[in-house]
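Combine the two chains into a complex, taking the hints into account.
This is what each chain is made of:
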Amino acid sequence: NAGVTQTPKFRVLKTGQSMTLLCAQDMNHEYMYWYRQDPGMGLRLIHYSVGEGTTAKGEVPDGYNVSRLKKQNFLLGLESAAPSQTSVYFCATQGGGGDEQYFGPGTRLTVT
Amino acid sequence: RKEVEQDPGPFNVPEGATVAFNCTYSNSASQSFFWYRQDCRKEPKLLMSVYSSGNEDGRFTAQLNRASQYISLLIRDSKLSDSATYLCVVNPWNTGFQKLVFGTGTRLLVSP
Chain D
1 NAGVTQTPKF
11 RVLKTGQSMT
21 LLCAQDMNHE
31 YMYWYRQDPG
41 MGLRLIHYSV
51 GEGTTAKGEV
61 PDGYNVSRLK
71 KQNFLLGLES
81 AAPSQTSVYF
91 CATQGGGGDE
101 QYFGPGTRLT
111 VT
Chain W
113 RKEVEQDPGP
123 FNVPEGATVA
133 FNCTYSNSAS
143 QSFFWYRQDC
153 RKEPKLLMSV
163 YSSGNEDGRF
173 TAQLNRASQY
183 ISLLIRDSKL
193 SDSATYLCVV
203 NPWNTGFQKL
213 VFGTGTRLLV
223 SP
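Taken in sequence, the protein lines are chains D and W.
Here my numbering is used: the first residue of the first sequence is 1, the next is one more, and so on.
Here my numbering is used: the first residue of the second sequence is 113, the next is one more, and so on.
So that you can see chain W by itself, here it is in the shape it has in the complex (with noise of 0.2 Å):
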C-alpha cells in the first residue's frame, strides 16, 4: 500500500464548479499534512497546511480526518487558473525539518 494515495483524476469541471479531492496516508502517526500545487512542468508550490481543526483560505478549504486517516481539500467557485495537479503531502517525522512524504497528485482540468 502506498504511503500517500491519491485519485489521480483527471477531473474535469466548468469554471463556477465546486469540486473536492481525498486523499489517505496510512502513517497512523503522520505528524502533519498539506496541499501543494503543481503547474505543468513547474515546481510544487505551497497552497496550505491542513490543521486538525479544519482551515479555510479564500475558495479552499482543508480537512483532516485522523480517525479515517484521510485529508480533503475542497475548492469552491472554480476558475480556469486552478487548472493544476494538487499534491496531498504528509510529514510522518516529528521533526523540525520535513521528510515529506508525496502522493501522485490529482489533475484538475477547469474548462470555460
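Next up, chain D with everything else stripped away, as it sits in the complex (with noise of 0.2 Å):
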C-alpha cells in the first residue's frame, strides 16, 4: 500500500500561473486535510473534506480552492499564484476512529 502520496514533489510557479496539488491515499479515509508549513510557522491548516463532496475552510484558505470528487483524492488549487505561497504543502489522512494524520511526503513548491 502507498499510503498517502502527493504530485508533484517540487514545482516552481511564476507569479499568476495556476496549479493544482493532488494527494491520492488508500488507506479509506474520510478526513483529508492540506496544511502549508513555513519557517518559523507551525504547520497550518487551509481547507480540509470530513467526505467524498465535502470541502471546508481552515485556517488560510484565501488564494486556494480545493475538491473532493472522490474519496481517495483531495486536490488542491492555485487559481492564481504569489510569491506569498512559495511553501511546503502536506496532504493528510485520518479515520478508522483513529486520532492519528498520516502525512503525504509532501510538496515543495515555490512562486517567483
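Check the hints yourself; a few may be wrong.
As the list claims (entries may be wrong) - Derived pair list, reagent style EDC-like, types lysine to aspartate or glutamate, alpha-carbon separation capped at 20 Å:
#, chain 1, residue 1, chain 2, residue 2
1, W, Lys211, D, Asp38
2, W, Lys211, D, Glu52
3, D, Lys9, W, Asp151
4, W, Lys191, W, Asp151
5, D, Lys70, D, Glu59
6, W, Lys211, D, Asp99
7, W, Lys157, W, Asp194
8, D, Lys70, D, Asp26
9, W, Lys211, W, Glu117
10, W, Lys211, D, Asp62
11, D, Lys57, W, Glu115
12, W, Lys157, D, Asp26
13, W, Lys157, D, Glu52
14, W, Lys211, D, Glu59
15, W, Lys211, D, Glu100
16, W, Lys114, D, Glu59
17, W, Lys154, D, Glu100
18, D, Lys70, D, Glu30
19, D, Lys71, D, Glu30
20, W, Lys114, D, Asp38
21, W, Lys157, D, Glu100
22, W, Lys154, D, Asp38
23, W, Lys157, D, Asp99
24, W, Lys157, D, Asp38
None of these hints come from the bench; they were simulated from the model.
Right, here's the structure in full:
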C-alpha cells in the first residue's frame, strides 16, 4: 500500500500562474487535510474534507480552492499564484476511528 | 499569544542523555494532545498521543497538565536517531475529525 502520495514533489511557478496539487490515499480514510509549512511557523490548515463531496475552510484558505470528487483524492488549486504561497504543502488523512493523521511526503512550491 | 508555543531549541545532547521538552497551549477547552516527530525535509509522523494520566512508550514519556496548560515530552537514553524536530500538537475541538494546531517545533540534536 502506498499510503498517502502527493504529486508533484517540486514545482516552480511564476506569479499569476495556476496549478493543482494532487493528494491520493489508499487507506480508505474519510478525512483529508491540506496544510502549509513555512519557516518559523507551525503547520497551518488550509482546507479540509470530512468526506467525499465535502470541503471546508481551515485557518489560511485565501488564494486556494479544493475539491474532493472521489474519496481517495483531495485536490488543492492555486488559481493565481503569489510569492507568499511559496511553501511546503502537506496533505494528511485520518480515519478508521483513530486520532492519528497520516501525512504525505510534501510538495515544495516556489513562486517567483 | 500563539495557540501552541514551544522552545525552538536546538537542544544539543550527548547520546544516552535524558532530555525534556515543554509546550504550552492557550485554549483551555482543548480536547486532545499529541507529539509528532518531523525529520529534516520529511513529513510529520505521530510519535505519541498524550493522555491526562500521562503515558509512556519505551524511552518516551508524555505528560499533560491541564491546570497549567502544558504538555511535556521526556526522552531517556537518547539515541542518534532521535535527532529530529518534535512538534507539539493540540486539537481544540471535540469532533471526530482533527483540526490540529501545531507548534513550531523543538529541534533536538543528539551527538556521539
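Mind checking the alpha carbons of Lys114/W and Asp38/D for me, to see if they're no more than 20 Å apart? Within the cut-off at roughly 15 Å; holds.
Lys57/D and Glu115/W: Cα distance at most 20 Å? holds (19 Å)
Lys71/D and Glu30/D: Cα distance at most 20 Å? holds (7 Å)
Take a quick look at whether Lys70/D and Glu30/D sit within 20 Å of each other, Cα to Cα. holds (11 Å)
Are the Cα atoms of Lys70/D and Glu59/D separated by 20 Å or less? This hinted pair is violated, its Cα atoms lying about 24 Å apart.
Given the hint that Lys211/W pairs with Glu59/D, does the C-alpha gap stay at or below 20 Å? holds (9 Å)
Lys191/W and Asp151/W: Cα distance at most 20 Å? holds (14 Å)
Would the hint linking Lys114/W and Glu59/D be met if the CA-CA limit is 20 Å? Within the cut-off at roughly 13 Å; holds.
For the pair supplied as a hint, Lys157/W and Asp194/W, confirm whether the alpha-carbon distance does not exceed 20 Å. holds (13 Å)
Taking 20 Å as the top limit, are the C-alpha atoms of Lys211/W and Glu117/W close enough? OK: Lys211/W and Glu117/W at ~17 Å, within 20 Å.
Is it true that the CA of Lys154/W sits at most 20 Å from the CA of Glu100/D? At roughly 17 Å apart (the allowed maximum being 20 Å), Glu100/D and Lys154/W satisfy the hint.
For the pair supplied as a hint, Lys157/W and Asp99/D, confirm whether the alpha-carbon distance does not exceed 20 Å. holds (12 Å)
Hint violations for this structure: numbers 5 and 13, all remaining hints satisfied.
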